[in-house]
Amino acid sequence: MRLERLYFDIERVDFCEKSDISNGTLMLAKSELELLCKDTAFSRVEIDVAAPGSDCRLMNVGDITQPTVRLGKEDTTFPGLSGKMYTVGDGRSISLRGVVVTEVVEVDVDIPSYMQLSEEAVEITDFANMWHITIDAFAAPGIAKYDYLLALNLASKRVAQYIATLAANLEPDEIEIFELESKDACGVECIGLTCGLPRVAYLANVFCHRPYTESLIYGASMLESLPTILHPNEILDGALTNRDYDNATNADPTFVWQNHPIILELYRRHGVDLNFVGVVVSNVHHELSWKETNATMASALLANYLNADAVIITKEGGGHPQVDIGIAVDTLEGRYGIKTAIVLVEMLSAKNDSNGQIIFSSDYADAMVSTGCASFVTLPVAKRVIGSNSSDFRGNMTINEAGEMTINHRALKGGQSQLGWTRYGSLKF
Amino acid sequence: MSKKIRVVHYINQFFGQIGGEECAGIGVSVEMKPVGPGLGLAAALGDRAEIVCTIICGDNYFNEQPNALQEVLAEIQKHKPDMFFAGPAFNAGRYGVACGAICTAVKNQLGIPAITAMFEENPGKDIYVSDIFMLKAPDNARKMAETVQRMAEFGYKMLDGTLERIPEAEGFYERGWMVAKKYDDMASKRVVDMLLKKLSGEPFVSEIGMPKNEKIESPAPIPLLKDAVVLLATDGALCPQGNPDGMKVGDSVEFFEYSLSGLDSLSQEEYTCVHGGFDTSFVKEDPNRLVPLDAMRELEKQGVTQFHNAFLSTSGLVTGVVASTKMGQKMVDYVKDHNIDAVILTST
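Protein chains in written order, with our numbering: chain A, 1 to 429; chain B, 1 to 348.
It is possible that part of the hints are untrue.
Said to hold, decoys possible - No farther apart than 30 Å at their CA atoms in a straight line, the calculated lysine-lysine pairs in the DSSO-like style are these:
1) B:K107 to A:K351
2) B:K136 to A:K351
3) A:K351 to B:K336
4) A:K351 to B:K212
5) A:K351 to B:K182
6) B:K33 to A:K351
7) B:K143 to A:K351
8) B:K226 to A:K351
9) B:K3 to A:K351
10) A:K383 to B:K182
11) A:K351 to B:K301
12) A:K351 to B:K157
13) B:K181 to A:K145
14) B:K326 to A:K351
Derived from the structure by calculation, the hints contain no laboratory data. Keep in mind the model is a prediction, meaning the values are calculated, not measured.
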């Protein structure tokens, strides 16, 4: 499976009469984008642009998506979701860099996220370095919350596709090829090189907890699904998206899946010091029997079908998904002799006890990388605010829409990534 | 020349040159000069600071008199220190506990650097190590000069804000806390590096360790359930409507007791749930599904067992091991005070 990603660097975003891209400037016609977002779930939609370094704040941020389109098969962009079902990860896709499509949610959610584009935020999240095309959608009277969220999640994907299409006839700034396969000695094409390098796979534990607190695979929740194997190209090409609104600080937005840092790192080193053989996705169910089933079956896929020598494991969600990791580590190492390394955020104690961050017990879990602990940032007064919903953590925190605001890193979109999209870790003392 | 930094030093009756074990019951006294190890400490502190007084107290007095800590603290406050030292206590147990308790109180109430040092097996170390920066010291006073030298240097670092939170480099006992740290490499690169090292048998350091948990034996079964008193407790944050005690949604440090006297069931009009980490709608609809009072009354009617007429509640969300252990110890006191034989803990 060969995916060619054509990158276009966007340095500026402006509004104008007709949408276009020229010399790194993305020009957008508001009316065109508003039309794309039109839905009976919305009473109105406001399209706006927030520039990096502009002291602009976005309230109650939903999903963030990188503009992308699958060339020649445009209708399969975000397959199973806004596009029609089709196995993606091959062919040519456009990716715009430096610009994202960002949802601004106007209904109450349990634990909201924010974005601010000032210096203080740049220290914490790379999203603060990007242009944000915002979709600020207001719920139609009487519309159910989930109908509203469904419409918003789809609108951002349609806008992301539309914007990327503007680059279709232009010369890309860079082209990157993603291909794992090579021919083995018999001339058969296999996943992974047959060159004696260690076979490394990736186990992505996704959090499909309840409707709209979930990640989607080809538009479907894994709430009651067994684990499955995916080609990493499918993930980079839009098969895995985020639809977590109520607990969004515990999950990475779609952008991070499209640019999954572990997949990209494994690709960079594929054929150099390792042999990247694929991805298994598995849901972290809240029931123990499901955890046992999923972690056991995921381990079997990694051992028996991907023939992995070593596996990197991540999770989404909060504390209990650690149990899934514990079962998988014991099965992979204890039963199959497969080495593991784990990415974990240290968030089980608001007071940052270093001895209380792991809730499973395993003799094998001896290689763990931290993506940070509880840490606060004070964001200065915002000169401009997009979004009006200031729903907070169940009344536990006072949010002044434009004023100085002290929030946990994780409440800033991209400030906590369980997929490893961060330079943060922790210092124990 | 700028004003000298004011230092107060605490020592016990032995190092205060009053006497040994026979004088351990002696109360609090103050000398307006460095005494005993204070002479070495003063020399190590140099010209920048001055030991304005030495507070001396018997080890038994401090550990047995309920007001001793307040007495010592009042004396410390009187002399307006910028920095406080206690000990070093080496392996003297009661002395170590006193040094730990006083430094913790000084840090919390006066907000100034409070420095002590002791041997790793000193009981004061385990009790107070999570509360304060505590310097490592050998088990006896032979290395006094070196120890007070390190204490002085450490105090200046705390005062100047140059202390690095690296236990090995700075010579303090690991406290069990952490802060955010930004690496040069993304977590995604670090994990691939670590995996390949593990695979090839090269040394690597895990960024997170397995917790060192206390092993707790299961208690013996209750011989006769019908004679036992059972307590209902929950970490699911059930509380009366309006949350009169202001129970937090998480990061808890306390639990609350709510009476069940005269109630056969918990109604949604009177009880609610403030937990911040799960979908609380089912509990709000029927609070008995979190604290099963309705089922408990039924069992009482059948004569199966008896229940304590109150339940305990807290919110078990992002509540660390240190805070949970402290709450757990207080719950044990509650259980003992109320002659309870067993506890049903409903968790969420």
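Against the structure, the hints come out as follows:
1. Proximity of K107 of chain B to K351 of chain A is assessed by CA-CA distance (about 18 Å); at most 30 Å being required, the pair is judged to hold.
2. The suggested pairing of K136 of chain B with K351 of chain A holds, with an alpha-carbon distance near 25 Å, which does not exceed 30 Å.
3. Note on K351 of chain A and K336 of chain B: the hinted pairing holds, with a Cα-Cα distance of about 29 Å set against a maximum of 30 Å.
4. Taken as a hint, the K351 of chain A and K212 of chain B pair is honoured in the structure, with Cα atoms around 18 Å apart against an allowance of 30 Å.
5. Among the hinted pairs, K351 of chain A with K182 of chain B is consistent with the structure: their alpha-carbon atoms are about 19 Å apart, no more than 30 Å.
6. Taking the CA atoms of K33 of chain B and K351 of chain A, the gap is near 40 Å; set against the 30 Å cutoff, the hint is violated.
7. Taking the CA atoms of K143 of chain B and K351 of chain A, the gap is about 36 Å. The hint is violated against a cut of 30 Å.
8. Only pairs whose Cα atoms come within 30 Å are accepted, and K226 of chain B paired with K351 of chain A is rejected, the gap being roughly 42 Å.
9. A distance of roughly 37 Å separates the Cα atoms of K3 of chain B and K351 of chain A; the hinted pair therefore is violated under the 30 Å criterion.
10. Note on K383 of chain A and K182 of chain B: the hinted pairing holds, with a Cα-Cα distance of about 28 Å set against a maximum of 30 Å.
11. Restraint check for K351 of chain A and K301 of chain B: not satisfied, since their Cα atoms lie roughly 44 Å apart, outside the 30 Å limit.
12. A threshold of 30 Å between alpha carbons decides the hint, and for K351 of chain A with K157 of chain B the separation of about 24 Å falls inside it, so the pair holds.
13. With a C-alpha separation of about 38 Å, the suggested pairing of K181 of chain B with K145 of chain A is violated against the 30 Å cut-off.
14. A C-alpha spacing of about 14 Å is found between K326 of chain B and K351 of chain A, which places the hinted pair at or below 30 Å, so the restraint holds.
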